[in-house]
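Use the sequences and the hints to build the structure in full.
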Amino acid sequence: MSSFFAMNGYGFYIWSAYGIAVLAIVVEILLLRSHRKAVLAQARSTPSGPAPDSVAATE
Amino acid sequence: MSTNWFRYASPATFYPLAGTLVPWFAAGAAVLTAIGLYIGLVAAPTDFQQGDAYRIIFLHVPAAWMSMFLYVVMAGWSALALGYNTRLSAMMAQAIAPTGALMTLIALTSGAFWGRPTWGTYWAWDARMTSELILLFLYLGVIALRNAIEDPRRADRACGVLALTGVVNIPIIYFSVQWWNTLHQGATVSLTKSPAMASIMLASMLVMAFAAWFYAIAASLARVRTIIVERERGAAWIAALPEVRGAA
Chain C
1 MSSFFAMNGY GFYIWSAYGI AVLAIVVEIL LLRSHRKAVL AQARSTPSGP APDSVAATE
Chain B
1 MSTNWFRYAS PATFYPLAGT LVPWFAAGAA VLTAIGLYIG LVAAPTDFQQ GDAYRIIFLH
61 VPAAWMSMFL YVVMAGWSAL ALGYNTRLSA MMAQAIAPTG ALMTLIALTS GAFWGRPTWG
121 TYWAWDARMT SELILLFLYL GVIALRNAIE DPRRADRACG VLALTGVVNI PIIYFSVQWW
181 NTLHQGATVS LTKSPAMASI MLASMLVMAF AAWFYAIAAS LARVRTIIVE RERGAAWIAA
241 LPEVRGAA
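Same order as they appear, the protein sequences are chains C and B.
Take the first sequence: its position 47, counted from the start at 1, is 47 in the working numbering, and no numbers get skipped.
Take the second sequence: its position 212, counted from the start at 1, is 212 in the working numbering, and no numbers get skipped.
These aren't lab readings, by the way, just hints derived from the structure by calculation.
Be aware that a few hints might be false.
Cβ pair distances, simulated, as ranges [claimed, not checked]:
(1) B:Y122 <-> C:S48: 48 to 58 Å
(2) C:P47 <-> B:L206: 45 to 55 Å
(3) B:L140 <-> C:S3: 38 to 48 Å
(4) B:T121 <-> C:V27: 47 to 57 Å
(5) B:G19 <-> C:P47: 17 to 27 Å
(6) C:G11 <-> B:D151: 45 to 55 Å
(7) B:L133 <-> C:S45: 40 to 50 Å
(8) C:A41 <-> B:P16: 13 to 23 Å
(9) B:I134 <-> C:Q42: 47 to 57 Å
This one's a predicted model, so the numbers in the text were calculated from it and none came from an experiment.
Positions of the beta carbon are idealized from the N, C-alpha and C atoms, including for glycine.
Written out as structure tokens, the structure is:
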């Protein structure tokens, strides 16, 4: 098992490369979740009517 | 098939469709990543020339492919949005940019950690690496421009023009290894060394490429759902969603 992680001396490079990728993906997923929560909360407090987007489009 | 695909050009019909698709693509990405990593990190034998460092390419190459491919898709949606003034196309372009930036970042960092043991350097101002770095700045530029403009419809047009202008960088990245004699090599895996080894390496790379596809689709669709709610809030159908009413 330790030889698997050592990767014949290349362990640092391999696990750094994969580690950064995993970290970046986890951060993206967490940001997606928190943004969705914030946007849903914002939508809850918005009174129903024409969407702000379509208002802007008719200007 | 008589499905009317234009029906899904409306955010109100696309929102639930995307919601159904996200978990399938996410699960597909997870399964393919597990298979790809197993083949690439465990099953594939050590390369006799590069040692185990070559295992980074199973991450690097699919990420680099996706970084370029997603840019073209983003620019395609931007072109549709500019040409037909369709809101959903602009929202798709907006949703792809962060995942494209993520793939570019992974391609650059994994490349650096491969280059250090293989070439003796983390970074060189080589044509391919420099143009890939410019790709990251293009993605970040599109995201920053979006955040700088308050009116979403104006932001759509400005980001669309920037995204389309940046497309010129994609063939530069792709052909850089042919046009200039640079540090970055042309072929990624030498398929001629040993057929058995080459095919298992290729298998891992292709499985990881499909995993990257599935992940990018899942992330983009999840993000476009949030963008739809953000931009269409106040519309009756948004207010009627169970997740907005809080009844769920």
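Status of the hints after comparison with the structure:
Distance hint check: the CB atoms of B:Y122 and C:S48 are about 54 Å apart, consistent with the given range 48 to 58 Å. A beta carbon spacing of about 51 Å between C:P47 and B:L206 agrees with the range 45 to 55 Å that was offered as a hint. For the pair B:L140 and C:S3, the beta carbons lie near 40 Å from each other, so the given range of 38 to 48 Å is met. The given range of 47 to 57 Å is broken by B:T121 and C:V27, whose C-beta atoms sit roughly 27 Å from each other.
Restraint check, B:G19 to C:P47: a C-beta distance of roughly 24 Å satisfies the suggested window 17 to 27 Å. Distance hint check: the CB atoms of C:G11 and B:D151 are about 51 Å apart, consistent with the given range 45 to 55 Å. A hinted range of 40 to 50 Å holds for the C-beta pair B:L133 and C:S45, which are about 41 Å apart. Range check, C:A41 to B:P16: Cβ separation about 20 Å, and the 13 to 23 Å hint holds.
Taking the beta carbon of each, B:I134 and C:Q42 are about 35 Å apart, not inside 47 to 57 Å as hinted.
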